[in-house]
Amino acid sequence: MAGEVHTNNPAIKDIVRLESVSKVYQQGQLEVRAVDNVSLEIDTGDFCALCGPSGSGKTTVLNMIGGLDVPSSGQVWLENHNLARLSRSELASIRRDRIGFVFQAYNLIPVMTAYENAEFVLRLQGVPESECHEQVMMILDEVGLKGMEHRRPDEMSGGQQQRVAIARAIVTRPAIVLADEPTANVDSATADALLDLMQKLNQEDGVSFLFSTHDQRVMDRARRLIRLRDGRIESDEARR
Amino acid sequence: MNLIALAARNVNRNRHRSLVTIGAMTFAGMIMILYASLMEGLFLSTERNALAMNIGELQIHVKGYRDDPDLYTKIEGSEKIISKLAANGMTASPRLFGFALAAAGISSAGVQLRGINLELESKVTRIHEHVYKGEWLNRVDMKGVVLGRKLARTLSVNVGDELVIVGQAADGSMANDLFQVKGILKGVGEEIDRGGFYMLDTSFRELMGLTNGIHEIVIVRDDKTVEIEQVTDKLSAIFPHYEVLNWRKLQPLIAEILDLSDINIYIMLFITYIAVAMVVLNAMLMSVFERIREFGVMRAIGVGPWQLFSLIYTETLIQVCIAVVLAFIFGLPLAWYFQLNGIDLTQFISGMSFGGIAFDPIWRAELTQRSVMAPLVTLVLIALVAVLYPAIKAAVIQPVKAIHYR
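Order-wise, the sequence lines are chains G and P.
So the first sequence is numbered by our numbering: it starts at 1 and just counts up by one.
So the second sequence is numbered by our numbering: it starts at 1 and just counts up by one.
No lab work stands behind these hints: they were computed from the structure.
Wrong hints could be hidden among the right ones.
To be verified - Quick list of in silico lysine to any residue cross-link-like pairs, SDA-like style, CA-CA up to 20 Å:
1) P/K393 x G/E90
2) P/K401 x G/Q27
3) P/K401 x G/A105
4) P/K401 x G/Q26
5) P/K401 x G/E237
6) P/K393 x G/R88
7) P/K401 x G/G206
8) P/K401 x G/L40
9) P/K401 x G/E19
As the list claims (entries may be wrong) - Chain P regions said to be covered by chain G (calculated; three or more residues, Cβ under 8 Å):
10) 3–14
11) 159–170
12) 198–212
Stated by the list, open to error - Derived coverage of chain G by chain P (criterion: at least 3 residues anywhere in the stretch with Cβ under 8 Å from a Cβ of chain P; other residues may be distant):
13) 78–92
14) 128–136
Nothing here was measured: the structure is a model prediction, and the numbers come from that model.
We put the beta carbon where it would ideally sit given N, CA and C, even for glycine.
From just these sequences and the hints, can you work out the full model?
Now the structure itself:
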């Protein structure tokens, strides 16, 4: 698994498949069903939004697809891998090579500069330093952070931090980017610019995107809109 | 990915946290060096007091003398024996013993007269350094004597006072003479404190009418690395007609006490190290758990559990290496200071002895290879063990839990 080279292969139709997935949290005596028997497929090249009110299970679904959390029942498939069957190390390799994460709270590594944050996963993959440099500088330019490479997260605005997070997520050209409320903490102009960038990557490089959001701007741009309510799929609508 | 470079960068960038962790470990290391040196000092001074005040390392007697210490049971030709010992890498001093009654004013007490060769005795024992009042013997003052502390109290004498010795001389006549107290010893052990009566060998011979022979030869090794048992066997073979015993056989109680005190020191060191380990563990736990979110993010973006474990371990190793160097730099002068000045316990234990071993009222540290290296090696081990739990925890925690860790 580790070190295996993948490409964004259009021959694999469903990049993500959830089969009757449920996630139950125990809160004291109370059982909270965050995700309730959800089944869905995300196709390669999708630009898809999971939307719904707070507590509808959007982030939990995203976390389970990314192997950050494990379902209480059901199965999650990423490309041809059943995530439940993978070891911690294999899951780490999948996340490193095939998934890009954008978190709502940015979650950049605080002691690293913008450049180092974006470079980190490439270095994990064993990409030589010179190649890393070229790719990172290109991606930082793409996300509009040219000249800010040496700034640390605490020296950047929320929008700039989110751009670094996106740069980190896409620099490896992953099969899918899982973005949790990527526009929640940025102003409108930045949100539009980030969405433009992600749309461009989707259209030009075939990177699949799955957002969790309740931002209308994201929903407007999504080609597929899955609505969640109380952990269940309420509607699944293909658009344009 | 270069793990060491990444770990070094993390240590450097998390400067405040790293300083706190390194500071805690440095402080722990310094305390451990100081404590180990003080303990080493305590052990060595106990051994020194036990051996260097009186017993020496080995002794030679005529067979049977120790069971019945008779004035007439003498070693003849001691000069030859001492020369032979010197040729075998040993320093030796002859002693003469006799029993008499000492009287001063209305007080009297039975004493053990100890006739010593002034020059040679100072090479095998350090009794001359333990004068509490007055001064040690010299060749000019033939009638000067030095008494044990409790004996002086029993006789109610002070430096400069006169006392009379009455006993039986070697020829059967009465031995009596007037002496002057030249010095009073510090507490050096029960036997000497109560009955020690030091005088010049020439004065002893004159008093007791003993023209030749001696009663005891006290020996110390020039090379302390040679095993004492090995030396005993060797000397027994060289002098088959005499009884050669090392200090462990001469004073088995003291040997047991010293063995026990060695164990006590290790137990106390162990307890101290455990306390220090708690400090280091706390620092490591805080250092790792404060960053658990950061580690969760690393796990989320593809760092494997073993990679993260190795990273945390390497960071700890870098920090502990810096702490070891700093502990060495600061701990050494600290222990050195206490080696020179010691801790003055005169008010508490002056003149105290246990099982015939006097406690030195100035507790000095003793810097040895063991007292420096053992704490530093232990510090490294403690840090590496202390970080084990948080490193494993960070490595196996579910990324989503780590990211939302509070």
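Verification of the supplied hints:
1. P/K393 x G/E90: holds (18 Å)
2. P/K401 x G/Q27: holds (15 Å)
3. P/K401 x G/A105: holds (15 Å)
4. P/K401 x G/Q26: Given pair P/K401, G/Q26 holds - Cα atoms ~14 Å apart, limit 20 Å.
5. P/K401 x G/E237: Cα-Cα ~32 Å, so violated.
6. P/K393 x G/R88: holds (13 Å)
7. P/K401 x G/G206: With a Cα-Cα distance of about 31 Å, the restraint between P/K401 and G/G206 is violated, given a limit of 20 Å.
8. P/K401 x G/L40: violated (25 Å)
9. P/K401 x G/E19: violated (23 Å)
10. 3–14: With 4 residues close enough to chain G, the hint holds.
11. 159–170: Our answer is that it is violated, as 0 residues pass the Cβ test (under 8 Å) against chain G, missing three.
12. 198–212: violated (count 0)
13. 78–92: Since 3 is at least three, the answer is holds.
14. 128–136: It is violated, with 0 qualifying residues against the three required.
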